[in-house]
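Listed below, chain by chain, are the residues.
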Amino acid sequence: MSLANLSFFVNEAGTNMKRSAMMAFITIATIGIALVMMGAFLLTTMNIESFLEQMQAEALVTAYLKQGFAITDAKTLSLRLTSLPEIEDIEVVTPEQAARELFSSPDDQQLLKIGISQESNPLPTTLRIRIKSGNQLESLLQKLKGEPMIDNISYGEDLFQQFHGMSQLLWLISLIIVIMLGLASLFIVYNTVRLTLFMRREEIVIMKLVGATNWFVRGPFLVEGFIQGLVGSVLAILILFAAYKFMLAKLVELIPFFTANVGFDQLFKLSVKLLMMGLVLGISGSLLSLRDISKFSKSTPEGV
Amino acid sequence: MIELQGVTRIFPNGVRALNNINLTINPGDFVFLVGPSGAGKSTFLRMLFREDTPTEGKILVDGKDITQMPESRVPYLRRNLGIVLQDFQLLKRRTVAENVAFGLRVIGASAAEISNRVQEALEQVGLSHKRRMFPTELSGGEQQRVCIARAIVNNPLILITDEPTGNLDPMISQEIMQLFLEINARGTTIVMATHNHNLVNKLRKRVVALVDGQIIKDEICGTYAYE
Numbered sequence: 001m002s003l004a005n006l007s008f009f010v011n012e013a014g015t016n017m018k019r020s021a022m023m024a025f026i027t028i029a030t031i032g033i034a035l036v037m038m039g040a041f042l043l044t045t046m047n048i049e050s051f052l053e054q055m056q057a058e059a060l061v062t063a064y065l066k067q068g069f070a071i072t073d074a075k076t077l078s079l080r081l082t083s084l085p086e087i088e089d090i091e092v093v094t095p096e097q098a099a100r101e102l103f104s105s106p107d108d109q110q111l112l113k114i115g116i117s118q119e120s121n122p123l124p125t126t127l128r129i130r131i132k133s134g135n136q137l138e139s140l141l142q143k144l145k146g147e148p149m150i151d152n153i154s155y156g157e158d159l160f161q162q163f164h165g166m167s168q169l170l171w172l173i174s175l176i177i178v179i180m181l182g183l184a185s186l187f188i189v190y191n192t193v194r195l196t197l198f199m200r201r202e203e204i205v206i207m208k209l210v211g212a213t214n215w216f217v218r219g220p221f222l223v224e225g226f227i228q229g230l231v232g233s234v235l236a237i238l239i240l241f242a243a244y245k246f247m248l249a250k251l252v253e254l255i256p257f258f259t260a261n262v263g264f265d266q267l268f269k270l271s272v273k274l275l276m277m278g279l280v281l282g283i284s285g286s287l288l289s290l291r292d293i294s295k296f297s298k299s300t301p302e303g304v
Numbered sequence: 001m002i003e004l005q006g007v008t009r010i011f012p013n014g015v016r017a018l019n020n021i022n023l024t025i026n027p028g029d030f031v032f033l034v035g036p037s038g039a040g041k042s043t044f045l046r047m048l049f050r051e052d053t054p055t056e057g058k059i060l061v062d063g064k065d066i067t068q069m070p071e072s073r074v075p076y077l078r079r080n081l082g083i084v085l086q087d088f089q090l091l092k093r094r095t096v097a098e099n100v101a102f103g104l105r106v107i108g109a110s111a112a113e114i115s116n117r118v119q120e121a122l123e124q125v126g127l128s129h130k131r132r133m134f135p136t137e138l139s140g141g142e143q144q145r146v147c148i149a150r151a152i153v154n155n156p157l158i159l160i161t162d163e164p165t166g167n168l169d170p171m172i173s174q175e176i177m178q179l180f181l182e183i184n185a186r187g188t189t190i191v192m193a194t195h196n197h198n199l200v201n202k203l204r205k206r207v208v209a210l211v212d213g214q215i216i217k218d219e220i221c222g223t224y225a226y227e
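Line order of the protein sequences matches chains A and B. Per my numbering, the first sequence starts with residue 1, numbered consecutively. Per my numbering, the second sequence starts with residue 1, numbered consecutively.
Just chain A, with the same shape it has in the complex (with noise of 0.2 Å):
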């Protein structure tokens, strides 16, 4: 595409968007909107699950030590192990101190207090390690696996295995939701761009008259396809942050204790693609309203 297409077909899609601004408006407004209601489903459920994920770093992997290793053998371990990437912090609990937490607790654990005393104590020396987040788990897991003096490991196995559940659920629903949205907009601009296509129809037939190729014609709306998309995104991802923003404010006023769970890294990631959505919809929606546009070019219908 030469230079003088472009700065043709650029200023082509700005006559035509300021003749029928109404149909611009109609199209940014539908990317907008329906890119506000995409941006706000995903950022739900970012934060939801960013807020399960804290939950689940929050919980303490306990790793139970074999019988007959003294607790210097113990306080190594756990010195080698602070190196991994996944532990946050570890700390050694002697079977002495495990006890006496255990004597201090309420009467549920009665039972267990039988048959532990100063002079026999089965309880084994544990680790509690505090994990940096939720989604390291598996590969902590793996690692403690294969240690030597660890026998057993317990970290809320049922707990985990429900966020888990949970958290794929909220994408399944946030990526339904997307996907129908994202198939209502298109229809949407498929069919502005197709009136607006109807109402230039005698230019089209002009433009195939003195030899404009397909792609020529289609040209000033694909520019217009994108710039309609990209005003439509930059919209909506304004609107959401401030909506976001707004909505945060609000919740640390009702919730003294809650903080926002999402980084400004993310934020990024979510207006990139909310942008890439918006140019994509913009796009496509034109490209699907021009793909027989040589069909209906005809100065005159056939057999006429």
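Everything labelled a hint here was simulated from the structure, so no lab data went into it. The reader is advised that the hints may include incorrect statements.
Cross-link-like lysine-lysine pairs, in silico, DSSO-like; alpha carbons within 30 Å at most [what the hints assert, rightly or not]:
1) A/K273 x A/K245
2) B/K58 x B/K217
3) A/K18 x B/K92
4) A/K18 x B/K64
5) A/K132 x A/K75
6) A/K245 x A/K269
With the hints as your guide, set chain B onto chain A.
Positioned in the frame of chain A, the structure of chain B alone reads:
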């Protein structure tokens, strides 16, 4: 320049618009296509710029069989043709100069080239002083001259025109015809469908008469009469 070999066009509704047409048009010819309405004149012309394709037969333009031409090549064929139709087909929201420039824009000509050639074409049709006006501000004859300027701005080999004087009064028609003669004198082949007896009889050019989709007359210095 143009050669039709056994060209037949049958529409999906069964109407036989053209029936076994054989015709050769040489470079620099000026051919009037005459005949009653519905005789197949427009279909004939539409075949020449591949707006339609024959059911049977071949059409050679500048040595190439355009009936076998892939759809993607059609724009390049049209860049060598000038097309002027009865209804002026100008873009109302563009100025005279922009309308003429349209034919150059679509082939990606540079701004300087567009400006020069538009000026030249407008001078040729005598409208360079109205280049900034809009089509609605022009008379019918002037609008048709803009169409002619747009058709010749690419220096086409062939100019195809369907009833170019159909909507114009006799005086203006004569002026338009004079323009076509000048264009023809510069070497452009012209194929013109018309109902204008007076002009055909006066100019004494080659006349091909079509009736019911068949050529019933082909005279070198012909007249309009075909009955």
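Structure-based check of all given hints:
{"no.": "1", "hint": "A/K273 x A/K245", "in the structure": "19 Å, holds"}
{"no.": "2", "hint": "B/K58 x B/K217", "in the structure": "21 Å, holds"}
{"no.": "3", "hint": "A/K18 x B/K92", "in the structure": "16 Å, holds"}
{"no.": "4", "hint": "A/K18 x B/K64", "in the structure": "43 Å, violated"}
{"no.": "5", "hint": "A/K132 x A/K75", "in the structure": "20 Å, holds"}
{"no.": "6", "hint": "A/K245 x A/K269", "in the structure": "17 Å, holds"}
When the structure is compared with the earlier hints, a violation turns up for hint 4 alone.
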